Amino acid sequence: MKCRKFSVQRNLLLWIGGAILLVIIFVLVFGPSLCTHDPLKVDYTLKLRAPCREYPFGTDGMGRSVAARVVYGLRTSMKIAIVVMLISCVIGVCVGVLSGYVGGSVDLILMRVMEVVLAFPDTILALAILGTLGGGMKNQIIALALVRWTKYAKMARDETMRLKKEEYMEAAVAMGNGRFRIVLRYVLPGIIGQILVLATMSIGPIILSGATLSFLGLGVQLPNPELGLLINEGRDFIRSAGHISLFPGLVTALTTLGFNLFGEGLNDYFDPRLKEKAVSD
Amino acid sequence: MLRAEHVSKSFCVGRGRNTKIQAVLDVSLEINKGEHLGLVGESGCGKSTLARMLAGLIRPDGGTVLLDGQDIQKLPVKARKEFRRKVQIIFQNPQQAFHPRMKLYETLAEPIRLFHLVETREQERLMLEEAMERMGLTTDIFGRYPHEISGGQAQRIALLRSLMLEPKVLIADEPTSMLDVSVQAQILKLIRQTTEENEIALLLISHDMDVIRAMSDKVIFMHESALNLN
Amino acid sequence: MEEEQTRELWRIERLQVFFKTRGNDIMAVNEFSLSIYQGERLCLLGESGCGKSVFGMALLKLLPENAEVLGKAYYKGMETVGMSEKTFARLRGTEIAVIPQGAGSSLDPTMRCGKQVEECLRLHEKENSQVCRQKVLSLLKRLELPRLPGIARDYPFELSGGMKQRILVAAGIVCHPQFLLVDEPTKGLDWGCRDKVITLLKKLVEDEETSVLLITHDFNVAKSLADRVVVMYAGEIVEYGMREDVLERPVHPYSKGLLAALPQNGFQAIEGFSPPLDQIPKGCRFHPRCPHATGRCAQEHPNLTDLGEGREVRCFYAEG
Amino acid sequence: MIKYIGKRVLSAAGVLLVVSMLTFFVMQMTPGDTAYVMLTHTFFGTGDLITQEDLDIATEMYDLDRPLTVQYGEWMLGALKGDLGTSYIYKKPVMDLLKLKLPYTCILGFLAFFLGLLLAVPLGILTAVYRNRFLDQAIRIGSVLASSVPGFWLGLILIMFFSVKLKWLPVSGMNEGLKSIVLPCVTLMLGMMPVMIRVTRSSVLDVMGQDYMLFAKAKGQSLFQALLHHGVRNLLPPVITMASLQMGNILGGSVVIETVFMWPGIGNLLYNSIMAKDTNMLQGCVLTIALGYILSMICADILNAALNPKTYRGGGRMA
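These protein sequences, in sequence, are chains E, W, C and Y. Residue numbering for the first sequence follows our numbering, beginning at 1 and increasing consecutively. Residue numbering for the second sequence follows our numbering, beginning at 1001 and increasing consecutively. Residue numbering for the third sequence follows our numbering, beginning at 2001 and increasing consecutively. Residue numbering for the fourth sequence follows our numbering, beginning at 3001 and increasing consecutively.
Please keep in mind that the hints were generated in silico from the structure rather than gathered at the bench. Every value quoted in this text rests on a predicted model; they were computed, and no experiment measured them. A few of these clues could be false.
Here are some of the chain C residues that sit facing chain W, going by a computed Cβ distance under 8 Å [to be verified]:
#	residue
1	E2047
2	P2146
3	G2192
4	G2257
Using N, Cα and C, we set each Cβ at its ideal position, and we do this for glycine too.
Let the sequences and hints guide you as you build the complete structure.
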């Protein structure tokens, strides 16, 4: 009875991912009220305290509670990730559907633009942009969005082209549907599934690259906390107080894991190959 | 009524070298009111491409397609919609001619809503139920999805959807080649019956001589017009 | 005819095939019992969705993972359903061969056609490539393929549907199998190629005197190639017998309907539709569409009754 | 075939040109005048002491006042001749610095790339062949875990564990030869392997579902033989395409990893040039990495074209 087990397994991925996300959301919403310490208050007497009941994640070089900073840092990181995902999703899908559906010269131009953006590895392009525009959260969001939209555009274009060849699209045109109506009623519902999967699957990498940029000092500027920044702060104390870098990294990994698992489960859910093949003669 | 004058179309095929396959070369064809025309030819000789050009789905490279004397590619938007109503097409693979995630009631109601044939939803439902009876289909199909019905049923629904708009010309692109022999007979008889009743001109396309001989008054042979111009 | 068919090649007893889907188990083939004799050409005739291909694939253990096969099948006395894949694989290619459905997708797009036909030879007879190539070329010549020997070096996408089908036929019989399963040889081919493939198959099968299980929905193929015809409907046998009896004087109402629906017999269609395999009606599976169905047909499921000289039918009222 | 390669190289050159133009003009738009930024960085801590007249000298010295297009033209000519201008902070020609640092990045990059492929592809095939069994689940969960871990943090953790606690491997730098390359290479590898495993798995699954594999089984071939004869050529294209994309990730990742491990490669150079706003140096590094990335994409295209007979046998002939 192998196929029974498989369907449970598929939900397993969704459940684990969902559970982790719930924890993250809980921390996001209730975190600040829960932790008693002010993430920015400096108190050198408490410098480099090891993790204990009072300070669950210990304190950093300036005596600030790492736990409090991680909670606020998570908020900023998530804010950046969500905004980047939304911007790149909207731009990417519009460009993708437009170039996929209209085709012809529009498609060619957009393809060339994408090729230039794709000529850079993701981090390099983000770095180049930040290198020129300077650091700060706003520029970090712009840089990440500029890199990410191509993934959505490519997916939307391929799916639109695939759908365009289907016969029911031709039938819809023959029925008298206007172009705009076809895009709304036929094309978009067709790719919503894929967009959802790509969105959840791309939040993880966005968090990671966001943290990387802050780690390099190009993203969110001190003193407001961001996960990448926190890890960077701990670099000098690697030998003596590893916990300063350890816990922010763990939380980042956990958040990304949550999104990745949820995305993977969603992908299996939408993946036609996993549905039992219809009994054909 | 619907006329094609020296129509031709070629496609670029294959990556790398630009090999052009000439699908349709200099074809002229006329369908008059209430006439039953048969178009037969080897598979891959451009029959489907010609059908799609006549239905205004593909823009011909050369020549023009005229409806009542007007070039259908140059029609203004309003007239283009009217053209869609007059010329309907049904395809070879019935299951794929419907949106896979839309219930069949929605698919059937779409033409009615598009052309505002009725005002209220009750009239729409009545109209559809009565049409289903005529086609010999049960109304439980309304709630089903395209992959939940058989090929024969799907082709009947495609036929019904096209006839809702009382078209002047019906183009049938190999309607029965994917169906089994017994179901094939039903569909062909239905097409013949409905087109004669409502005075609809029919262009039946197939690669099967028996089907064409049994169904059409005039027969056109499409010679091997796929020339390779690489 | 009777004495020659002494040695039984296949004996199939109550073969059943289930497909496990998330919802329920779909029974694609129900209680299939039949025997195929040495050198005999049996045709499995039925419309799409009646489970004939599923039966063929089940016999040769080529079904996908979620299929489950019950019952027994004996090939030359060896029970095959329970046999391990390793031992059965030794029979594949040399003794038991397949000409699969869907000529387009059954050829590897990145390998030259000639090589795909040779593959079977080299796998089993271990001769050097020169001898193999000669054998393949002579076989392709017998199949009247144009542009020999150049065509052997062509790739599948460069051939037309009819030629791909002939390459498949060549790949199937190159190792001179004793039993050949031919699945829908004419499906998807257009009118001209269909006759060509039928005549070629007829010639080849007579020269090789292999026994053939032919699966098709096309009457002409059955008429010109088969000795015995089995008519299938909704997953079970409804009638079988010698070709002349079944194709000219059918007994079962469904077979009669099939015959009447042919274009040359005036297109009299059978009402209704063949039921999908997950909504099988109670009693006789054909009763919703049968012109002279009675109450009993709707309740009771008829068994195959023997009408003598090897003819059987699954109907209460079929006259002899 | 050659025509196909020619076309690919040409389009790549075009993209490179556009990329260089893009970086150059975007660079010049930086907030704050280049001269000012340059001076503050060359003479540390004197940000506020710089007077207008210092700025004029600097502008004139590095002739920054000429119109942008002229500067770009000159820079482009120089680039073609191999002179990418001089780096403000290192006071050396950019080209020499690049030549000095390139081998380090290449060693690290290629080692991580090929070792990663060597591990990921077999694992991908295994997960596909033993679908839904324990092996498949374990590897998939492992790869999801690996892809959720931030690269730089993993580096720090590895340093903390192996160098600080166990003292097996050096913390950073290049001085101990082979031993010092282990940690950065492992970090980069773990970054690229999850995606490669996933792509290989889905490609193998697609191929295994094809009819010609079923026909190969019917001919008597075992699954392994069928995969070898028919599977390999059909499942490679998507794997090769993703591999070239992963080469980009490695180049991109090198910036971070080299910074964490103090590895003297182009990535580290790029990071320093960003921090110091050294436009010429930044331009040189970005171009080198973009060039490397485009080269890997061209190789992937050529390999895919070689594998797919359609490209060099022209369109389908209607025989």
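Interface hint compliance - G2257 (chain C) to chain W, C-beta minimum distance less than 8 Å: 6 Å, holds
So, as I understand it, the hint says E2047 (chain C) touches chain W; can you test that by seeing if any CB pair is closer than 8 Å? At about 4 Å, which falls below the 8 Å cut-off, the nearest Cβ of chain W leaves the hint on E2047 (chain C) intact, so it holds.
P2146 (chain C) as an interface hint toward chain W, with CB separation required under 8 Å: Since the shortest Cβ distance to chain W is 15 Å, the answer is violated.
Residue hint G2192 (chain C), partner chain W, criterion CB-CB below 8 Å: Interface hint status for G2192 (chain C): holds (6 Å vs cutoff 8 Å).
Taken one by one, the earlier hints fail for this structure only at number 2.
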